[in-house]
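Colleague: Listed below are the residues making up each chain.
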Amino acid sequence: MAKQIDLLERQRRLAWFLIVPAVFVVFLVIGYPLIQVLLYSVLKYKLDGVTPASFVGLSNYLFILTDPDFWLAVQNTLIFSVCSVTLECVLGLAVALVANSKFKGRSILRVAILIPWAIPTVVSSKIWAWMFNDIYGVVNVLLINFHLISQKIAFLATPATALPVIIAVDVWKTTPFMALLLLAGLGLIPGDLYEAASIDGASKIRQFFSLTLPLVMPTLLVALIFRTLDALRVFDIFYVMVGGQGNMATMAIYNQQWLVSFLDAGIGSAASVIILVIIMVFVVLYTRFSKTSFE
Amino acid sequence: MLLKKSFTRRNALHLVGSVLAASLIAHTGFGAGVTLRFASDSSGTGGAFIKALCDEWSQKTGNKVEIISRPQDATATLQQYQQYWAAKSGDVDVYQIDVIWQSIAGPHAVDLKKYFKADEISQHFPRIIDNNTVNGKLVSIPWFTDAGTLYYRTDLLEKYGYKEPPKTWEELAEMAKKIQDGERKAGKPDFQGFVFQGKASESVTCNALEWVYSYGGGVIIEPDKKVTINNPNAIKALDTARSWVGSISPAGVVTYGEEEARNVWQAGNAAFMRNWPYAYALGQDPKSAVAGKFDVTVLPKGGDNGKNAACLGGWNLMVSGYSKNPDAAADLVKYLDSADAQKKRAIDLSLLPTLPALYADPEVLAKNPWFKNMVEVFKNAVARPSTVTGADYNQISTAFFQNVNKVLTGGESGKDAVQQVERVGKRLVR
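Heads up: the protein sequence lines correspond to chains S and U, in order. Note that my numbering has the first sequence beginning at 1, numbered continuously upward. Note that my numbering has the second sequence beginning at 296, numbered continuously upward.
Chain S extracted, bound-state conformation:
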């Protein structure tokens, strides 16, 4: 009996011993920066290497939460995220279904759809920005030549046109990623299920809604989480395509501006914490939803 407890104790110790490196690494790469950010967020702290830091309590948070620019950035980010992720999901699923069916040249197509995803975002955003230029952009030239518009449009000049353009570019870029993830999910569905369904006389549409969609749902949900979190942190497309336009900032751009442009680690860190909380809300919502749908 005593021996057994001893063994259990040893096992337990071994477990701790084995887990310590992992805990240490997690603390180092996640815990430490997080604590640092929380600490900075209650300081007045300029990163100019001259001004000493001082404690200011929650006034950084108060400043951001009463700053209309911040709420505009939140609004832009949410519109962008909801629109782009929805479109990417629908189109990604469509592309995945096509790529999953058997036809000649399927492998070439699978490679081809990945090209937009493979181009660095900064590069593709800049190319798109040129294509949407108001004077020499190809989009305007085409629209004029096909007599769809009579006057060239400055797409990136105002939020009313710039936001849809940016969403479109993101959809162009990220749909392949969605498609690839969903293709993997589709590959896991056994083919005999469809055979059985056909014998039972289920139409193709019925098969999609009763078989494909529910079975690909877990993959879809994972892809959704990935994309939503990615979209909420969007920086590069906006930064390249509309630069510093105040009314076109996203949460990440707002954050970057305070931290990098103004070298204000206090307000910058507080903004990071607020953004973290907003993103956490989405994470909690998704995990809740995935629990209820799978249990």
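The reader is advised that the hints may include incorrect statements.
As the list claims (entries may be wrong) - Computed spacing ranges between beta-carbons, pair by pair:
{"no.": "1", "chain 1": "S", "residue 1": "Ala112", "chain 2": "U", "residue 2": "Asp635", "range": "14 to 24 Å"}
{"no.": "2", "chain 1": "U", "residue 1": "Gln378", "chain 2": "S", "residue 2": "Trp130", "range": "20 to 30 Å"}
{"no.": "3", "chain 1": "S", "residue 1": "Trp71", "chain 2": "U", "residue 2": "Lys667", "range": "33 to 43 Å"}
{"no.": "4", "chain 1": "S", "residue 1": "Leu97", "chain 2": "U", "residue 2": "Gln579", "range": "53 to 63 Å"}
{"no.": "5", "chain 1": "U", "residue 1": "Ala343", "chain 2": "S", "residue 2": "Ile149", "range": "33 to 43 Å"}
{"no.": "6", "chain 1": "S", "residue 1": "Phe17", "chain 2": "U", "residue 2": "Asp386", "range": "49 to 59 Å"}
{"no.": "7", "chain 1": "S", "residue 1": "Gln36", "chain 2": "U", "residue 2": "Glu465", "range": "17 to 27 Å"}
{"no.": "8", "chain 1": "U", "residue 1": "Arg718", "chain 2": "S", "residue 2": "Leu58", "range": "40 to 50 Å"}
{"no.": "9", "chain 1": "S", "residue 1": "Phe226", "chain 2": "U", "residue 2": "Glu351", "range": "22 to 32 Å"}
{"no.": "10", "chain 1": "U", "residue 1": "Asp580", "chain 2": "S", "residue 2": "Pro120", "range": "27 to 37 Å"}
{"no.": "11", "chain 1": "U", "residue 1": "Ser417", "chain 2": "S", "residue 2": "Ile30", "range": "38 to 48 Å"}
{"no.": "12", "chain 1": "S", "residue 1": "Val50", "chain 2": "U", "residue 2": "Gly342", "range": "26 to 36 Å"}
Claimed, not checked - DSBU-like, lysine-lysine: derived pairs with alpha carbons at most 35 Å apart:
{"no.": "13", "chain 1": "U", "residue 1": "Lys521", "chain 2": "S", "residue 2": "Lys126"}
{"no.": "14", "chain 1": "S", "residue 1": "Lys126", "chain 2": "U", "residue 2": "Lys674"}
{"no.": "15", "chain 1": "S", "residue 1": "Lys44", "chain 2": "U", "residue 2": "Lys383"}
To be clear, the hints were calculated from the coordinates, so they are not data collected in a lab. All C-beta atoms in this analysis are idealised placements derived from N, C-alpha and C, irrespective of residue type, glycine included.
Given chain S, work out where chain U should sit, using these hints.
Modeller: This is chain U only, laid out in the frame that chain S set:
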């Protein structure tokens, strides 16, 4: 399998050994030669010119210079530099810095008075030296100076019956409209009356400061720390600029930086352009559509009672306080900034020297006759409120350029914009 493994391991050890040996040789082998890293322009004709100068210096001294490419956009450049400075990094020895960054860069710079003699310093424009001296420390030495300039098409002015360039913004708008209408009718649907920099960045800060100042609206925050932007003249200036967008200027001008404006201009698609002097040499290039068809002058006044204004720009050379080889770095700076180098720059690149003597130099004037007028422009030059705001300049400039950009896109009235800028200004210079 086992054999293979041990072989690869031995190979790896060999590799590590030889890399170590090589790095040891590299450290001892080159002896006195140091490698300096210089953050500057690396692209285009300007970049090639700088590289050639650095190579000359390398050959003379046996040291090496590595040019680190800075972003084209000034705002982005400062952001990059600030990261080096915040980290107290010795990775860059020499920086090319803007006139407005002197207070920000001050704490991270070597005092160049240690390396430049008083009479060498006094050869430069005294106002730029004043600007670059922060708390008695000469943060950087002027390299070339810049001022907002009006470019106009001499051929088109003549074609539409104008004898001289516009004196006021009102005149400019009228002329631009007439030329634009005429040219568009003549089969150039993309022709624009006036292009400038409306992009939400430091570029529009310069443009808008010129408008506001020319209408008598001050310089946002005056040297005595009074925040003056909220005044009727400033509002009039911004509303006037708003009226150009979509009429004499393309709607997309609100996304234009210097290069976007120049692209339109140099393709022969604009009657007027506001830009820096660098666009002159490029415009006179034989491949340019406007070569020999344009001239430059002072920007117009705001109304008959207004003033001429030219936003003071320009680049300077700074030695990093964190450099491991400050003596060599200062020597490179001296070489790049010599009267000969400045003269060659003025002739080859039409960049404005910071040595007043060169504006009377016959060789320089033979290539750039318009330099004569620029001495006068500099008397009207307007400095941005960077000294009074110090390290917070970025915040006031960002508030200003974002709100001006909003006015230009029609998202805000001039009146609301100046109130927003005033609010930020008052928070900064309490």
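Colleague: Given the hint that S:Lys44 pairs with U:Lys383, does the C-alpha gap stay at or below 35 Å?
Modeller: holds, 20 Å
Colleague: Does the hinted range 38 to 48 Å hold for U:Ser417 and S:Ile30 at CB?
Modeller: For U:Ser417 and S:Ile30 the Cβ distance comes to about 56 Å; the hint is violated.
Colleague: Has the hinted range 26 to 36 Å been met by the Cβ atoms of S:Val50 and U:Gly342?
Modeller: Holds, since S:Val50 and U:Gly342 (Cβ atoms, about 32 Å apart) stay within the stated range.
Colleague: Verify the CB-CB distance for S:Ala112 and U:Asp635 against the hinted window 14 to 24 Å.
Modeller: violated, 57 Å
Colleague: If I claimed the Cβ atoms of U:Ala343 and S:Ile149 lie 33 to 43 Å apart, would that claim hold in this structure?
Modeller: holds, 41 Å
Colleague: Given a hint of 40 to 50 Å, does the C-beta separation of U:Arg718 and S:Leu58 actually sit inside it?
Modeller: Given a distance of about 21 Å, which is not inside 40 to 50 Å, the answer is violated.
Colleague: Has the given pair, U:Lys521 with S:Lys126, been kept, meaning a C-alpha gap of at most 35 Å?
Modeller: Roughly 40 Å separates the two Cα atoms, so the pair is violated.
Colleague: Taking the CB of S:Phe17 and the CB of U:Asp386, does the distance hold inside 49 to 59 Å?
Modeller: Given a distance of about 41 Å, which is not inside 49 to 59 Å, the answer is violated.
Colleague: Lying within 17 to 27 Å: is that true of the beta-carbon distance S:Gln36 to U:Glu465?
Modeller: violated, 56 Å
Colleague: Does the Cβ-Cβ separation between S:Phe226 and U:Glu351 fall within 22 to 32 Å?
Modeller: violated, 53 Å
Colleague: How does the Cβ-Cβ distance of S:Leu97 and U:Gln579 compare with 53 to 63 Å: does it lie in that range?
Modeller: Because 59 Å falls inside the window, the suggested range holds.
Colleague: Is 33 to 43 Å right for how far apart the beta carbons of S:Trp71 and U:Lys667 are?
Modeller: violated, 53 Å
Of the hints listed earlier, those the structure fails to meet are numbers 1, 3, 6, 7, 8, 9, 11, 13, 14, in rising order.
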